[in-house]
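Chemist: Listed below are the residues making up each chain.
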Amino acid sequence: MKIFLNKIAFAGPETETWDALTGLFASGAGWRASADWDITPETLSARAARRVSPQIRLAVTIAERLAPCLNDDAGWIFASSVGEGETLQVILEALRTPEMMIQPLRFQNAVHNAASGQWSIAAGITGPITSIAALDETAGAGFLKAGLQVAAEKRPIGLVLYDVPLPPPLDDKRPLGIPLGAGFALAPHPGADTLASLTLSVCDEGTTEPKHTVAQAIRATGNPVAAVMHLLETLAAQTPSHVVLGLHGGRGLRMDVEPI
Amino acid sequence: MAVIVKNSVSDQIKITHFTIATCLGRGRQVHFDAMRNSRSGLSPCRYPDLPFDCFVGSVSELDELHFPEWVSDYDNRANRLALAALETDGFLDAALRVRDRWGPARCGVVVGTSTSGIEKLESVYRERGDNQPLPEGYLMSHHDNHHAVAAFTQKFLGLTGPSYTISTACSSSAKALIDATQLIEVGICDAVIVGGVDSLCLISLNGFEAMQLISREPCRPCDASRNGASIGEGAAFLVLERDAVGGVRLSGMGESSDGVSMSTPPKDGAGAAAAMQSALKTADIRADQVGYINLHGTATPANDAAECAAIAQVFGTDTPVSSLKGMIGHTLGAAGAVESVMSIIALEENLVPGNVGLETLDPEIACNVVATSQDEQLTHVLTNAFGFGGSNCALVFSRCPT
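Taken in sequence, the protein lines are chains L and X.
Per our numbering, numbering of the first sequence is gapless, rising by one per residue and ending at 289.
Per our numbering, numbering of the second sequence is gapless, rising by one per residue and ending at 1718.
For reference, chain X alone in the conformation it holds in the complex:
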């Protein structure tokens, strides 16, 4: 089992700011309202030329967003998503204050993404003639390279501390949060801007369709008649900072691997269980102290069943659980950060969000899947993110004494 040892610095690393942009809208209030009212942001896909119909979680008004001239080399949909999040809920001003407090060289940037700005390269490829070179002005480093979003974020915020990108498919930005914590724990950074960003793109949509994993209706995680995922896009950023008081902290972190094929977990969810047990151990809490579990819950039959088998093994069958993907779709590499932020909002608001799309629970799932939102006193919540290649990550967020 992957056990992460923490030191005394860990307890003082807090999440001091966060921001989010998904198909539900931008910011804390809209996501809280959607979670309370079980509102879905999924809509029919209008992606040009896509050869099949589906529902997606598309972020609106990205094209209208003013992209600053001085970073216009980075203009692509993924970086527009990042910008939309950075400019929401006062996050940008807060991040700049953090930079001024610690100095730019002591502030790191870690971003989790699966596809980065690949959507721009897709367009360039489709527009160019057969066997023609790529356009002269096209910059891989700013668009399709995995590090392009982190590089943009670092430049836009004027930070010079270490930056790198975690790209482990759909667990990417959950794992990035562990890196952010460790960069502060070992004294390399005083604060880290950490996040996840992934945009809709033809590769993701057609790739999951080729695997017969795309639902023709808005996805319905854990439902007996679920038939696949809805792909979404999103961005979320958090500031992790040392020597902070109160608020919420990332108290538990677990990682494991259990790949039996690139895309399918073992039926018993062995690696998922190991990651969750490790997260509980580092948080130093018992399973029954977790008040809510945010499922990875992609709505594919195999993944939901394996995850819930793992939860039943570690937590029993009483802990309230739900998937947020009926609201926002599967935001792929951004899912870890996006759903961490939504889980933190749930924690702070004492809200267990409902599992949108659930009508009849799959009888094979022996978990307390909550269909509609409910009020609960929450002290600890756990969120899961699993990716291709058997890459598993579980995080625990905890309230801190003020």
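Bound conformation, chain L alone:
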């Protein structure tokens, strides 16, 4: 499967944009993790943004950065390992009371596709949107699913990867370190904005690791989105190479990257 990458989005603490990340790669400056970082998308009104979780705010921010590269026929894939942990925690606490009162809006926004749903509503999306998960291999699953849709449906895809640390006591069981989001606008054919071609195949290797110290530091946080740090490092270097994202079950998704 050969697909084409037209735009990259990135958002995390001290690296709020893709340009900021590539700047860090180039400058040799260090990077320090910050768990309480948050970001607000432009698509949602300030009031609407306050009513949704940090997960949704991050995912919608990534999506709105990809949107200018994607036409009305595009599909969207939102990939998150843990989904709406913030909302889940509030609901679980409510279930400890005899009344078990759950706020209706909170319940609606507890589903794994809350972020994709909020993006769909805000942006008036009419095409297919999917929300997927695969534990630590969620990024690999996201790219595999994107490859399927680009290849089988011949449509552009906005791929949004996002995960935000869980609140206590859930975070003890699955520490994610920092909030992190990454996005990729993908297409079946090259265009004027194409940055690289990605040739996807399934292999028997695991996730390949980045070499740059900043990329390694972000990868070390434990956020599953950071599985793409080797890919991002490769794309920033603009040299042909290959990277692997692990797939759940033990195989890997190999991507042969060819800058254009």
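Warning: the hint list may mix true and false statements.
Said to hold, decoys possible - Which bits of chain X does chain L cover? Going by a derived footprint, with three or more residues having C-beta under 8 Å, they are: (1) 1461 to 1474; (2) 1496 to 1502; (3) 1570 to 1584; (4) 1704 to 1717.
Said to hold, decoys possible - These stretches of chain L come out as covered by chain X in the derived footprint (C-beta under 8 Å, 3 or more residues): (5) 136 to 147; (6) 150 to 162.
Note that these hints are calculated values from the structure, not bench results.
Just so you know, even glycine gets a beta-carbon here, dropped at the ideal spot from N, CA and C.
Assemble chain X onto chain L, guided by the hints.
Modeler: Frame of chain L; chain X shown alone:
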């Protein structure tokens, strides 16, 4: 409109095995009998401490099921549902033969679920003291994480091909069937075990109650006096395999989005209509060739009306339609796979199942809602599944020439 392009491989991808477990029981025969006789499996909810009364579709004897020791880390109600389905109608042996035929690395797993094993986490939360940590042995990856059921299924079947989880609320496992097809179409897999699983849990029951969508009686889709949904639980799995002959195939697939709020569709069902039109287009059939439409039909006034408006727009008012939720309740993320299997049974048996609970058709609904089951020669059937966030999916199943 979401049009899914298919290639020449698509025609040779068949559904070679399937299995199902719902409140009606386990397996093909019990579901066929229930559809023929319009039997409901809904019963009064006995969920501990639930602060209101309702009817649910509860699967019996799950606690008595032997859960194998070597996968006991995964023991929770959702995975017990999955196990119940996997061990029914010879599906497990069939899946293992499929694994041996293609090799474990060429067999994928895609599961659709909304709540996965969250019921276990609910119990853990309720049992722990204030501000206490979760118990030492609790594994999120095996229980409440969305991928927990797919991970269990993959391990239990000894498969190593790609696996992931679709979680788009109540359309989850219908969409998973599209992924299964595409994994084979593009050559990543030769066979995919695809399914849907969701268990009853306090979050779903209390959440829908908070939205005032839970009926106090067994739900009555499309009835003039319907007053909400009954929540059910269930599991269904299908094997999709390439180079198969005869049988049934997933011929049409349509997806769309039409969210105007997280929980309410537009009144005209615009997205539902787009998904159904797309499914007809990929199946390469006319609307009048569909002999039966399985409604998403949750029995909430707004959803039934919007879906039937969409059907009237795409199919006119003659095609027989019914909701299965009066029999099994709304199995949420499992609904797509569970109702696909029931639709395939209906197709193979030339049976249009009745809409259990229907006494007086809502005059606002301009569709041919079939109250009791009837025999019909069926070649193509369509099933709908719609979820929060305006996530719509329509699938067409077709008989294949033998």
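Chemist: For each hint, tell me whether it holds in the structure or not.
Modeler: How the hints compare with the structure:
1. Taking a C-beta to C-beta cut-off of 8 Å, the region 1461 to 1474 of chain X contributes 6 residues in contact with chain L, enough for the three needed, and the coverage statement holds.
2. For the region 1496 to 1502 of chain X, the stated coverage by chain L holds: 4 residues have a C-beta nearer than 8 Å to a C-beta of that chain, and at least 3 were required.
3. Figure legend: the region 1570 to 1584 of chain X, annotated as covered by chain L; annotation consistent (9 residues with Cβ-Cβ distances under 8 Å, at least 3 required).
4. Check on the region 1704 to 1717 of chain X: 4 of its residues sit with their Cβ under 8 Å from a Cβ of chain L, so the three-residue criterion for coverage holds.
5. Using a Cβ-Cβ cut-off of 8 Å, 11 residues of the region 136 to 147 of chain L lie near chain X, which meets the minimum of three, so the contact claim holds.
6. For a cut-off of 8 Å, the count of residues in the region 150 to 162 of chain L with a CB near a CB of chain X stands at 10, and the three-residue condition holds.
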